[in-house]
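For this one, chain A is given, so just place chain B on it according to the hints.
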Amino acid sequence: MSAAPSADFLAALHEYQPLVRRVCRLYCQDADDRQDLFQEIVLQLWRAWPRYVPQPDAKLSTWLYRIALNVAISNLRQRTRRPASVGLEDEAARYLAQSTENSAYEPEETAALYAAINRLSDVDKAFVLLYLEDRPYDEMADILGITQNNVRVKMHRVQEKLRKQLVHK
Amino acid sequence: MELDDLRRQWQQPEPAATPALTPTQLDALRKGHTTGLVARMRRNARLEAGFNGLIGLGCLAVLPYAHDNLLRAYAGLTLVLVIILVVFYYRVLGVLGRMAEPTGSVRGHLGTLAQGLRQLLRFYYRLTLASGPATMLVVWGVMLGRMAARGQFKHWQMSVFIGVLVLLMAALTQWLVVKFARWYVQRLYGRHLDRLESQLRELNEPAM
Chain A
130 MSAAPSADFL
140 AALHEYQPLV
150 RRVCRLYCQD
160 ADDRQDLFQE
170 IVLQLWRAWP
180 RYVPQPDAKL
190 STWLYRIALN
200 VAISNLRQRT
210 RRPASVGLED
220 EAARYLAQST
230 ENSAYEPEET
240 AALYAAINRL
250 SDVDKAFVLL
260 YLEDRPYDEM
270 ADILGITQNN
280 VRVKMHRVQE
290 KLRKQLVHK
Chain B
13 MELDDLRRQW
23 QQPEPAATPA
33 LTPTQLDALR
43 KGHTTGLVAR
53 MRRNARLEAG
63 FNGLIGLGCL
73 AVLPYAHDNL
83 LRAYAGLTLV
93 LVIILVVFYY
103 RVLGVLGRMA
113 EPTGSVRGHL
123 GTLAQGLRQL
133 LRFYYRLTLA
143 SGPATMLVVW
153 GVMLGRMAAR
163 GQFKHWQMSV
173 FIGVLVLLMA
183 ALTQWLVVKF
193 ARWYVQRLYG
203 RHLDRLESQL
213 RELNEPAM
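In order, the protein sequences belong to chains A and B. Numbering of the first sequence is given in our numbering, commencing with residue 130 and proceeding in unit increments. Numbering of the second sequence is given in our numbering, commencing with residue 13 and proceeding in unit increments.
Derived by calculation from the structure, the hints in this document are not laboratory data. One thing to keep in mind: the hints can contain errors.
Unchecked claim - Covered stretches of chain B, going by a simulated chain A footprint (3 or more residues, C-beta under 8 Å): (1) 117-123; (2) 162-168.
Unchecked claim - Simulated DEER-style distance windows between Cβ atoms: (3) B/Glu14 - A/Leu189: 46 to 54 Å; (4) B/Met155 - A/Asp161: 23 to 31 Å; (5) A/Pro183 - B/Val151: 56 to 64 Å.
From the three backbone atoms N, C-alpha and C, an ideal C-beta is built for every residue, glycine too.
So that you can see chain A by itself, here it is in the shape it has in the complex (with noise of 0.2 Å):
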């Protein structure tokens, strides 16, 4: 790895680093969690990026996403051990209390809906993100190596997973 990082990678480090807080937000609920796995995306991404060819068909953003999430599932690291369900309502409550003064929806629901995704699986977490994300299907089967077909079941098996989990509420 080079020693300075180039100034295209600071530039698209910058664009997308939004990307990569969001990735962290999702899978992880503790803040000093969150900036462990950050720190590791970013390390991840720097070392990658002298490899990293732009072509015409595929986007930086797919790029960014693969490796996000290749971090954050294979989760290979030495994490603090926390009791998981501890404190998803209050965590997603705190981050929403800042964030939904404009939202149709009250705290709770979105707290309740934070909490179901939590509790989804780590690949799951992947489909949601990506749905939330906005991406499209083509792309989600990109990232995720799977084919559009199957993007559509999953991600249908997720959104009824997370119906049940909020009527069983």
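Relative to the frame of chain A, chain B by itself:
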């Protein structure tokens, strides 16, 4: 509330947006240790390979000056073990290098990680199987050689007794070492492998 409703809020910038990383912060990040297990395994494998290299150099340094045949045999056998270990670490680092590349699709990356971990588990297990007898050969060989040199095997009954005892001890040690290695490697990497395989199954599941 459904995902579609959440999507409208999701991409709004965070209220307390974190400022962009500066080159200085990035440099500090690069110098800091990565928290990734693969990176840690690579660091450890490099350190162990380096340590083995040093032992090998030590053996090479001892060999020309060793007048004692047993010491020479000991250094020679250790050197052979070191060479085997260097080949082992070369292969381990190759596998870890492939595992450290996260640019492929999620399914592809998970597949590479699972395959890599399976290979590493096999490597470690085979190394334990092979190095157990080799180590015992070195240790017991030196000990028995010294006893023979001191003329402690004058009676054939004594020689047979010691031979059987050595074989039993060797078999027991090997059995314990293999049991421990299997448990230890499974404890270290088994749960990661289980999780990766379960994630792969989630993605591989045929769309019905």
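Verification of the hints:
1. 117-123: holds (count 6)
2. 162-168: violated (count 0)
3. B/Glu14 - A/Leu189: 46 to 54 Å: Violated: the Cβ-Cβ distance is about 30 Å, outside 46 to 54 Å.
4. B/Met155 - A/Asp161: 23 to 31 Å: Since B/Met155 and A/Asp161 have Cβ atoms about 52 Å apart, the given range 23 to 31 Å is violated.
5. A/Pro183 - B/Val151: 56 to 64 Å: At 59 Å between Cβs, range holds.
Violated hints, in rising order: 2, 3 and 4; the structure is consistent with all others.
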